[in-house]
Amino acid sequence: ETGVTQSPTHLIKTRGQQVTLRCSSQSGHNTVSWYQQALGQGPQFIFQYYREEENGRGNFPPRFSGLQFPNYSSELNVNALELDDSALYLCASSLIAGTNEKLFFGSGTQLSVL
Amino acid sequence: DQQVKQNSPSLSVQEGRISILNCDYTNSMFDYFLWYKKYPAEGPTFLISISSIKDKNEDGRFTVFLNKSAKHLSLHIVPSQPGDSAVYFCAARIYGGSQGNLIFGKGTKLSVKP
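Chains W and U are the protein sequences, given in the same order. Numbering of the first sequence is given in this note's numbering, commencing with residue 444 and proceeding in unit increments. Numbering of the second sequence is given in this note's numbering, commencing with residue 19 and proceeding in unit increments.
A few of these clues could be false.
Pair by pair, the computed Cβ-Cβ distance ranges are [stated by the list, open to error]: (1) U:Ala88 to W:Gly459: 43 to 49 angstroms; (2) W:Gly446 to U:Ser129: 26 to 32 angstroms; (3) W:Gln484 to U:Thr63: 28 to 34 angstroms; (4) W:Pro513 to U:Pro100: 33 to 39 angstroms; (5) U:Ile36 to W:Gln460: 33 to 39 angstroms; (6) U:Ile38 to W:Arg494: 25 to 31 angstroms; (7) U:Ser69 to W:Arg494: 25 to 31 angstroms; (8) U:Arg35 to W:Glu496: 47 to 53 angstroms; (9) U:Phe64 to W:Glu495: 24 to 30 angstroms.
Rather than coming from a laboratory, the hints here were simulated on the basis of the structure. We put the beta carbon where it would ideally sit given N, CA and C, even for glycine.
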């Protein structure tokens, strides 16, 4: 077990709605990253937060946004949901102490958009 | 365009034999490579990594080989055990990129038969 927890585990939304996914990082970790994993694909990087600021972003539109809180928990918000947003959303935490720290993933939130 | 490719969607191996999982990449700016293992309903867990300045890294039953000239890496598991049955993802990090920004392949499903 990695110590990274995500909620909820499953979620069903309809097209056009907004969704908020939550993540609690592993104790002591100061960095959180979010990934989207579509069916049959590998995880795809959405963005990373460090000290409450976004400091890296993948190829995702602005309707994907995030927050990191002082206790290093995090949220992923998706506005104007589309059918293609149906995927497993993974949160990963790490500690920026060296250049190649590994990521610790949560079990994910399975989002279905109808 | 996929920068990290795992061309074998699945692999079946007998218990006790060697499992070899392959990964090819296209971006010469990758400087760090990782393998993650994923069981159903769980997030990916870190397995082993290798820096681009090395050609081999070993950890118990797991060895990763890197051939930079061929832009190819492989994960060897020996001896394979039924508990190794999972989806294995190859991932890479770009030099100077966000620590949390890993580029994943699509994964290879390994089945180890007793």
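(message) Given the hint of 33 to 39 angstroms, is the C-beta distance from Ile36 (chain U) to Gln460 (chain W) inside that range or not?
(response) At roughly 49 angstroms between Cβ atoms, Gln460 (chain W) and Ile36 (chain U) fall outside 33 to 39 angstroms, so the hint is violated.
(request) Take a look at whether the Cβ-Cβ distance between Phe64 (chain U) and Glu495 (chain W) falls inside 24 to 30 angstroms. (result) Holds - the Cβ-Cβ distance for Phe64 (chain U) and Glu495 (chain W), about 25 angstroms, lies within 24 to 30 angstroms.
(request) Starting from the hint 26 to 32 angstroms, judge whether the C-beta atoms of Gly446 (chain W) and Ser129 (chain U) obey it. (result) holds, 29 angstroms
(message) Verify the CB-CB distance for Ala88 (chain U) and Gly459 (chain W) against the hinted window 43 to 49 angstroms.
(response) The hinted range 43 to 49 angstroms holds for Ala88 (chain U) and Gly459 (chain W), with Cβ atoms some 47 angstroms apart.
(request) Hint says 25 to 31 angstroms; check whether the CB-CB distance for Ile38 (chain U) and Arg494 (chain W) agrees. (result) At 41 angstroms between Cβs, range violated.
(message) Taking 25 to 31 angstroms as the stated bounds, is the beta-carbon spacing between Ser69 (chain U) and Arg494 (chain W) within them?
(response) With a Cβ separation near 26 angstroms, Ser69 (chain U) and Arg494 (chain W) satisfy 25 to 31 angstroms, so the hint holds.
(request) With 28 to 34 angstroms as the target window, see if Gln484 (chain W) and Thr63 (chain U) comply at their CB atoms. (result) violated, 18 angstroms
(message) Holds or violated: the 47 to 53 angstroms window for the beta-carbon distance between Arg35 (chain U) and Glu496 (chain W)?
(response) Since Arg35 (chain U) and Glu496 (chain W) have Cβ atoms about 48 angstroms apart, the given range 47 to 53 angstroms holds.
(request) Go ahead and decide if the range 33 to 39 angstroms is satisfied by the Cβ distance of Pro513 (chain W) to Pro100 (chain U). (result) Because 44 angstroms falls outside the window, the suggested range is violated.
Comparing the model with each earlier hint shows violations of hints 3, 4, 5 and 6; every other hint is respected.
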